[in-house]
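**Student:** The chain contents come next:
2 protein chains.
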Amino acid sequence: MSVLVVGSIALDTVKTPVEEHTDQLGGSASYAALGASFFTPVQLVGVVGDDFPESEFDFWKSHQIDASGVQRAEGKTFRWSGEYAWDLNTRETKSVALNVFENFEPALPANFRETAFVLLANIAPSLQSHVLDQMKRPHFVVADTMDLWIETTRKDLDALLPRIDLLILNDSEARQMTNNTSLIRAGREIRRMGPKYVAVKKGEHGALLFGPDDFFSCGAYPLEDIHDPTGAGDTFAGGVAGYLAGKGDGEVDFRQLRRALIYGSVLASFNVEAFSMDRMRSLTNDEIEERYEMFKLMSQFEVLE
Amino acid sequence: MSVLVVGSIALDTVKTPVEEHTDQLGGSASYAALGASFFTPVQLVGVVGDDFPESEFDFWKSHQIDASGVQRAEGKTFRWSGEYAWDLNTRETKSVALNVFENFEPALPANFRETAFVLLANIAPSLQSHVLDQMKRPHFVVADTMDLWIETTRKDLDALLPRIDLLILNDSEARQMTNNTSLIRAGREIRRMGPKYVAVKKGEHGALLFGPDDFFSCGAYPLEDIHDPTGAGDTFAGGVAGYLAGKGDGEVDFRQLRRALIYGSVLASFNVEAFSMDRMRSLTNDEIEERYEMFKLMSQFEVLE
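Residue numbers (the working numbering), protein chains in the order written: chain A, 1 to 305; chain B, 1 to 305.
Hints should not be assumed to be uniformly reliable.
What the hints assert, rightly or not - Incomplete in silico selection of chain B near chain A, CB under 7 Å:
no., residue
1, H205
2, P212
3, F215
4, S217
5, G219
6, R258
7, R259
8, V272
9, E293
10, K296
11, F301
These aren't lab readings, by the way, just hints derived from the structure by calculation. All of these numbers come straight from a predicted model, not from anything done at the bench. The beta carbon of each residue, even a glycine, is placed where N, CA and C say it ideally should be.
Hey, can you work out the whole structure from these sequences and the hints?
**Tutor:** Shown next, in the form of structure tokens:
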């Protein structure tokens, strides 16, 4: 089944202690759509300016990403620029120019409105709700969020939560949202705010998944070298939603969600190995499966051959 | 097979935001020995003062802990006192009185010197080496350490490392030891300092295990309520060493080490549920196995029934 991905599309300028790259494809929807596309056809909704490279549309096409929901507006594409500290663990936003993204209101093409799986990549929760308003009873809705929305548009976020099936957020956001330092308590508390499932990302420590009756914990792929952490969270969300949609039978259970989290982690681990989406552009499904097998080997302690 | 446990034996006074308890059984060897005793007979070596309660010797006896290596010296037992911050994540040492522990030199009874498994619980690395000097080619040596020794007696620690099979330390200590923020790099680097295996504990994030060819990552048991974190690390080390020794065939491979880490985590998760060793005193093997099963359920994503 297809997955509808809505979010930001940007041109990023990213500086690490070793490298700097200008106007690379970025934005939550770009990363998420690419992540999902390894498992299933993607319908992408977003906005770009008249300076956006046509070649990226060709790239999307070659990756089973239907970009007919990407509007080309007059003006410049959303620009973001950030710089990472020496250990790549913290980053500073150097500049943000919303440009055409400032007045973005996601409008879904008619043939996108009955899509069964939806990934609301990281954008303002009011826009995420606006997407759901246009949908005809989607089967499974995944939403990503960030500290900014928890801080500035909490009411909008609270209104969105009961409408989604899986909320993805990181550890500091989970603590921020609940004023609770225990991630176990925080995850369970967020579930009570509406989402059936909550995934808490912990960076190098992996991720936790909370369901009505189940709990799952997984580690992160042991990478020694990280080149650019930008988009790791979006890629993770894309991998999760794409895997769930790609499974095919439509039903989502905790067992599939466990695997989806691992596939999300696998994709995110590839994404940070190079700048922007460079590693993902050449990634193959065989490489994904190989790393998934590695995850099995590094996680299992009982059922081993 | 038996496991020899050497370390500190103390009477702790611990204060949390909710409770305070005075002169409770504590010390690295006390926690580690109890942890190990659920899997195998333990030989305990340490020192106590003339104020140490005789009842604890009875307790050890009832838990297959042979305390004939515990010297009773003239003077007071080692006292430690600490207070935890509101979230129980940080603690402050309020007072330390070494007392009889100040001149402690572990002397192994003759019948302890051929024991196959050794756990050097957290004490000065020179004392840990002194224990090994008295042993007849132990089969597998586990050592625990702490920030204090990395900082103040690094040479002694470096001399010990090639003599041990498994080093256990926590994440901040691994970073401190290598000046490397990446735990993956840090763990691999510490292996190159001597120990065949390195286990890095990450508190609520679980643990990592590094071997010559293998890597293992596990989560922590999802506890909502922690009452007293004191001794969690020592109990973990005890559970690991006890499980390995209790397996019986003597050979230790990566597969057993994976399970040993889970059992260590299980025991540590029980230990923090009550003050001092109170939870551990009533713990049963059935409860341990039940929680081990929970670990399986929360960790596995592929081979599920």
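**Student:** Hint validation: B/H205 versus chain A, beta carbon distance must be below 7 Å. Holds or violated?
**Tutor:** 4 Å, holds
**Student:** Holds or violated: the hint that B/E293 contacts chain A, with Cβ atoms closer than 7 Å.
**Tutor:** Status violated, d = 9 Å.
**Student:** Quick check on B/K296 please, does its C-beta sit within 7 Å of some C-beta on chain A?
**Tutor:** 5 Å, holds
**Student:** Should the interface hint for B/S217 be scored as holding, given a Cβ-Cβ cut-off of 7 Å against chain A?
**Tutor:** 3 Å, holds
**Student:** Hey, does the B/V272 contact hint survive, CB to chain A under 7 Å?
**Tutor:** The hint is violated - B/V272 has no Cβ within 7 Å of chain A, the shortest such distance being about 12 Å.
**Student:** Holds or violated: is there a CB of chain A closer than 7 Å to the CB of B/F301?
**Tutor:** Holds, because the Cβ-Cβ distance from B/F301 to chain A comes to roughly 4 Å (cut-off 7 Å).
**Student:** Using the nearest Cβ pair, does B/F215 come within less than 7 Å of chain A?
**Tutor:** At 5 Å from the nearest chain A Cβ, B/F215 passes the 7 Å test, so the hint holds.
**Student:** Next item in the hint list is B/R258. Is there a CB on chain A closer than 7 Å to its CB?
**Tutor:** Holds: closest Cβ of chain A sits about 4 Å from B/R258, inside 7 Å.
**Student:** How about B/R259: closest beta carbon in chain A under 7 Å, or not?
**Tutor:** Nearest chain A Cβ about 5 Å off; hint holds.
**Student:** Taking the closest Cβ pair, is B/G219 under 7 Å from chain A?
**Tutor:** 3 Å, holds
**Student:** So, B/P212 near chain A? Judge it on the closest CB pair being under 7 Å.
**Tutor:** 15 Å, violated
In terms of the numbered hints stated before, the structure departs from hints 2, 8 and 9, listed from lowest to highest.
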